[in-house]
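> For the sequence shown, the UniProt record's numbering gives the first residue as 1, with consecutive numbering after it.
Be aware that a few hints might be false.
Stated by the list, open to error - Ranges between beta-carbon positions, derived for each pair:
1) N63 / K227: 35 to 41 Å
2) P231 / F43: 15 to 21 Å
3) V99 / H6: 26 to 32 Å
Keep in mind that the hints were calculated from the coordinates and are not lab data. This one's a predicted model, so the numbers in the text were calculated from it and none came from an experiment. Even for Gly, the Cβ is constructed at its ideal location relative to N, Cα and C.
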Amino acid sequence: MTQQNHRTISMSRAVTYFILSLVINSAGNVLTLVTSAKIHPSFLGAAYWSAAEANLGTAFHWNLFWAFLIMGFLTSVLNAILIHHWDWKRVAGNMVFMVPFSALIQIFEDFFEGKYPALFTGLPDAHSTGMVIFYVALNFLGVALIATAISIYQRVNLVLHPADDLMQILRFRYFKGNATRAMWASYIPPTIMAIVALVITRQFTNFGLGTLFAFLAQGSITGIADKLVFPHLKHQALDVGKDFTPKEE
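Construct all of the structure, not just a fragment, from the sequences and the given hints.
What follows is the structure in structure tokens.
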């Protein structure tokens, strides 16, 4: 694995990669949500962080906007603790990431729900075993798309979602570049969120087969995508703390 502590690609290329990864990530997230909702009873669940944040929002009577925003900010605080440095620019970048991401989430949700009938009439509910299997495959594909998008925009490193920034800090500062172990470690905060929500609500929702697949495979898929998707794109301007120089595996 190769990292660059400075930028070796132009800003225009970096922005292009970032926009592409944002679209892929949004589409992947919506695929996990929509396919889960199309199976009755639902057993697929959402991506790990999304499931935990949604449960915590229910527990504290927050809507999704506030649940995601508050937990995003707290994750940024955790990131600052881990790198031993508070960086307002970095935190602002974390928050800025959420604006186009949220907008794209809505666009893709409308698309897959059939609100643009001239383009696509929407995914129907699953009424057969074949459709259930197909939606499980689409759900897993959504997880793979999320992992691939994370690989791309982490390497571009313009702005990151707080959770992905956490994973990158853990990966290079604490796990010598190992994406799988870093992803598992980054799931500790949402696991705590889910436990707190469970204690308060006595309900365990939004978790399912797709969530388990994301927990087990998303980090590994990100590591594979680093090597196979735009393989010449190296980690740009990597910063996991001014007191630390990342080492290669």
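> Hint by hint, note whether the structure agrees.
Results for each hint:
no. : hint                   : result
1   : N63 / K227: 35 to 41 Å : holds, 39 Å
2   : P231 / F43: 15 to 21 Å : violated, 36 Å
3   : V99 / H6: 26 to 32 Å   : holds, 27 Å
The structure fails hint 2 only (numbered hints given earlier).
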